[in-house]
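Enquirer: Keeping their order, the protein sequence lines are chains P and X.
So for the first sequence, numbering that gives the first Met the number 0 puts the first residue at 0; every next one is plus one.
So for the second sequence, numbering that gives the first Met the number 0 puts the first residue at 0; every next one is plus one.
These aren't lab readings, by the way, just hints derived from the structure by calculation.
In this text, all values refer to a predicted model and were calculated from it rather than measured experimentally.
Hints are supplied without guarantee of correctness; some may be wrong.
Pairwise CB distance ranges, derived in the manner of DEER restraints [stated by the list, open to error]: (1) Arg104(P) <-> Arg182(X): 24 to 30 Å; (2) Pro123(P) <-> Trp200(X): 58 to 64 Å; (3) Asp20(P) <-> Pro142(X): 44 to 50 Å; (4) Glu14(P) <-> Ile265(X): 57 to 63 Å; (5) Ser139(X) <-> Lys103(P): 28 to 34 Å.
Here are some chain X residues pointing at chain P (derived, C-beta under 10 Å) [unchecked claim]: (6) Arg58; (7) Leu184; (8) Val202.
Beta carbons are placed, not taken as given, at the ideal position from N, Cα and C, and that holds for glycine.
If you want the building blocks of each chain, they are given just below.
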Amino acid sequence: MTFLELTGVQKQFGETYAVRDFNLSAERGEFVSFLGPSGCGKTTTLRMIAGFEQPTAGTITVNGEDITYRPPNRRNVGMVFQSYALFPNMTVAGNIGFGMKVRKRPSNEIKKRVGELLELINLPDRGDRYPYQLSGGQQQRVALARALAIEPQVLLLDEPLSALDAKIRVALRKEIRSIQRQLGITTVYVTHDQEEALSLSDRVVVMSEGRIEQIGPPPDIYNFPATPFVASFVGTLNLLAAQIVDGPGGRLTLDGQEIRSAKPVATGTRNVTVALRPESVELGEAGGSNRLTGQVEDVSFLGSIVRTRVRLGEGATVSLDTFNDPGLAAATIGETVTVSFPPEAALVLAGQASTEDAIEQAIAEK
Amino acid sequence: MTTQGPGPIAVAKTMEGLTAPRGAAGRRRRGSLVWWLVFLAGVLYFFVPLYATLLFSLRAQPAFAAYSNVLNDAQFAGSLLYSAIIAVLTIITSIAIIVPTAYWVRLRLPRLRPIVEFVTLLPFVIPPVILVFGLIRTYSGDPFPLTYSDLGSDALLVSAYVVLSFPYMYRAVDSGLRAIDVRTLTEAAQSMGAGWFTILWRVIFPNLRVSLLSGAFLTFAIVIGEFTIATFLARPAFGPYLSLLGQNKAYEPAAVSLISFGLTWIAMGMIQLIGRAAPGRVQVGGAR
Numbered sequence: 000m001t002f003l004e005l006t007g008v009q010k011q012f013g014e015t016y017a018v019r020d021f022n023l024s025a026e027r028g029e030f031v032s033f034l035g036p037s038g039c040g041k042t043t044t045l046r047m048i049a050g051f052e053q054p055t056a057g058t059i060t061v062n063g064e065d066i067t068y069r070p071p072n073r074r075n076v077g078m079v080f081q082s083y084a085l086f087p088n089m090t091v092a093g094n095i096g097f098g099m100k101v102r103k104r105p106s107n108e109i110k111k112r113v114g115e116l117l118e119l120i121n122l123p124d125r126g127d128r129y130p131y132q133l134s135g136g137q138q139q140r141v142a143l144a145r146a147l148a149i150e151p152q153v154l155l156l157d158e159p160l161s162a163l164d165a166k167i168r169v170a171l172r173k174e175i176r177s178i179q180r181q182l183g184i185t186t187v188y189v190t191h192d193q194e195e196a197l198s199l200s201d202r203v204v205v206m207s208e209g210r211i212e213q214i215g216p217p218p219d220i221y222n223f224p225a226t227p228f229v230a231s232f233v234g235t236l237n238l239l240a241a242q243i244v245d246g247p248g249g250r251l252t253l254d255g256q257e258i259r260s261a262k263p264v265a266t267g268t269r270n271v272t273v274a275l276r277p278e279s280v281e282l283g284e285a286g287g288s289n290r291l292t293g294q295v296e297d298v299s300f301l302g303s304i305v306r307t308r309v310r311l312g313e314g315a316t317v318s319l320d321t322f323n324d325p326g327l328a329a330a331t332i333g334e335t336v337t338v339s340f341p342p343e344a345a346l347v348l349a350g351q352a353s354t355e356d357a358i359e360q361a362i363a364e365k
Numbered sequence: 000m001t002t003q004g005p006g007p008i009a010v011a012k013t014m015e016g017l018t019a020p021r022g023a024a025g026r027r028r029r030g031s032l033v034w035w036l037v038f039l040a041g042v043l044y045f046f047v048p049l050y051a052t053l054l055f056s057l058r059a060q061p062a063f064a065a066y067s068n069v070l071n072d073a074q075f076a077g078s079l080l081y082s083a084i085i086a087v088l089t090i091i092t093s094i095a096i097i098v099p100t101a102y103w104v105r106l107r108l109p110r111l112r113p114i115v116e117f118v119t120l121l122p123f124v125i126p127p128v129i130l131v132f133g134l135i136r137t138y139s140g141d142p143f144p145l146t147y148s149d150l151g152s153d154a155l156l157v158s159a160y161v162v163l164s165f166p167y168m169y170r171a172v173d174s175g176l177r178a179i180d181v182r183t184l185t186e187a188a189q190s191m192g193a194g195w196f197t198i199l200w201r202v203i204f205p206n207l208r209v210s211l212l213s214g215a216f217l218t219f220a221i222v223i224g225e226f227t228i229a230t231f232l233a234r235p236a237f238g239p240y241l242s243l244l245g246q247n248k249a250y251e252p253a254a255v256s257l258i259s260f261g262l263t264w265i266a267m268g269m270i271q272l273i274g275r276a277a278p279g280r281v282q283v284g285g286a287r
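Extracted from the complex, chain X is given alone in its bound form:
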């Protein structure tokens, strides 16, 4: 509650101020003060829990014991690596499905766009537990007995995550395609003799680099933290490890939260850096 306190009070005060105006300059100053207070409230809302988590994680004795315990736990590294590999496979599969689909919808089937958008949003509506039950029921027997082997279960896990990644990946790719003149670039490449594969690989993909990166990092973040599907498929993923840790230890879950938070921030920073360096961020066509 402390973090949200200043906001409403400040707003109420300004409302009073606005009813009795005392010159434009004064109003402007008060206006910007309100925005600063709102900003401050946001910052507090965001950082206070993090700070509290940090303090809590540091209570373990000796100092940083929670962190060293976590980092020395073979299961931590193992599950994180497993989830990271699954995430990379998910990203590759998702891009391979989404990019040609979104490209084709934009180029040739614009009328299908609302339907495709709806379908890609389904993972928001259908809970993962339904998805995983469906998968287990379908693939636990002939003709696709996938759940009986580790590799089969991994494949199911990746497939389920690909579905979960659809809303993020499709949106990222679609907005990336919107920023370039897909049709004209395609036609230009065609007139120079390029076939569909060349167009996708040499023209469309490179121009979607930034969008693909943001879609990929979001997917990465989802896969790293996902719990339900990994648990039901009994895979040694990071999400179930995190939950197990939370049930058995006091300070370590806080440390893990902060570590994964840090990793996420590094990922976001990378998006920014790579996005800034990309030569593709330019308008296509139009007078300059």
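Bound conformation, chain P alone:
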């Protein structure tokens, strides 16, 4: 049964549309992420659910009740902000208990609930600390507990992990998800980080320029992007300049090194662009018959995946993903390596192609 429903929601600021025709039905207990670049309208939509912005058109209902024009303090919607927004003048316990105090709950009930929530966020002995005495991660956990204290119908999280460093980000996002599952609370999560959205959500709403591009479970979003935008925003593409050596034979030179494509290349120009998905490129020679050598420029650890960026001789860079294997040492920066990929993975585009061109052709060829 639909619990949170947005129907035809629209938000205009003067002449510009921040959000257009937004429709979403979320089940009770569902975890939905809004994913998109900055300015795509995801935060505006979240703020309309919270009541901080009013839609220009459309309705928002929670559990069948229309809350479109209800003031934020009468919505029973919990919110976690990017900047934590803890009250600096109150202790951790004071912050968590604030909503209950506003609701005039008896003090022993507040104390009990605050204690339970401190246990839930693993900070049982920090109730009498002030926010500035906590680390960023701890502050955000307190902010989460504070939002949960009022037993909200819907929990909204606005890029809650953006201000934290990577390691804490990964740990905390697991914690958020497990608490959300435990409490079965309907949650909307705003992020521009595709990995965060894909790893956390039951469903992802990809947005661009105020519109929904696609709504679906994370595997669908990644594997079957509905629009060029989704394909380019979710996942990474390598775009490399190359020249045709033998069109019908599919032979090209890339960075002075020869590669082959699975299909004959028939373009009017000699200069072409080769598009490669990072997961189809391997470190070493086992990935396929196309091999390129270069120097490791950057290695980023993304949890289960390690993303390596290799700079080829003439300045082009190739990003590739490998599974994290504790038994294997990751490449070191500056090391000379060979990367390989099968001819099928190389998508050849005419001229200086942009990411969007590459995607459109990839979708057309599917």
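Given the coordinates of chain P, work out where chain X should sit on it, guided by the hints.
Expert: Then chain X, alone, in the frame of chain P:
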């Protein structure tokens, strides 16, 4: 002049020194020497007049007679108490007007900010004598015959002082609001069910404690020493008392100056102490 003497000479000497550099260490030493001289000049500029006032006030015989005369004068205590009460009323009224205004301007009407800032600066431009004449003309007859009663005149006095306090109070509150993320804190409180009064009272006020204190003490200092408005409204305030004393006595005005100076210092010390103890002096948000 004696207090200002060393400054320019020292600066001129260093200028000579700088044109013929003799190694970085030497330059650094000379540089810090110049700063010490400037600092010393400042200290002298500040303390020599005070010391002279003290010496002058002690000339009255027997020793400390000026101080005992002042402290035993019922008018001294009476006018000081009157001004202190007026100051407290002024501070309360000023905070009650300025805090919600500055908060709302910051939250919802940021475009009005330059206008509000300009308006709060008007007391610097318009002399108090104009203000008090305006008040007297407006409130000396129907429908608001306030100047005919003491209470009415007190109300006018407080109102005028509230206007005088605007530049200090608004600036203090505004910089305090700048230091906290007003919008997000407001939204956080709203999402937990708080209404406007609760937000102002429980979230905004406590976080402005230090700013409000500094605004309040500045206002206090202005009200205690104010002369023009109190005189024209014929109120028994400390400013007119001080002026009257200056016209009739020799040593006592010096003693009173030092006493009120001491009170001001105590007030400043209190700002420092309370400010240091406040738990609200922390960053809001951002990675640590």
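Enquirer: Compare the structure with each hint and give your call.
Expert: So, going through the hints one by one against the coordinates:
1. Arg104(P) <-> Arg182(X): 24 to 30 Å: 27 Å, holds
2. Pro123(P) <-> Trp200(X): 58 to 64 Å: Given a distance of about 30 Å, which is not inside 58 to 64 Å, the answer is violated.
3. Asp20(P) <-> Pro142(X): 44 to 50 Å: 57 Å, violated
4. Glu14(P) <-> Ile265(X): 57 to 63 Å: Since Glu14(P) and Ile265(X) have Cβ atoms about 58 Å apart, the given range 57 to 63 Å holds.
5. Ser139(X) <-> Lys103(P): 28 to 34 Å: For Lys103(P) against Ser139(X), whose Cβ atoms are near 49 Å apart, the range 28 to 34 Å is violated.
6. Arg58: 51 Å, violated
7. Leu184: Hint holds; Leu184(X) Cβ to chain P Cβ min 6 Å, cut 10 Å.
8. Val202: 6 Å, holds
Hints 2, 3, 5 and 6 from the earlier list are contradicted by this structure; the remaining hints agree with it.
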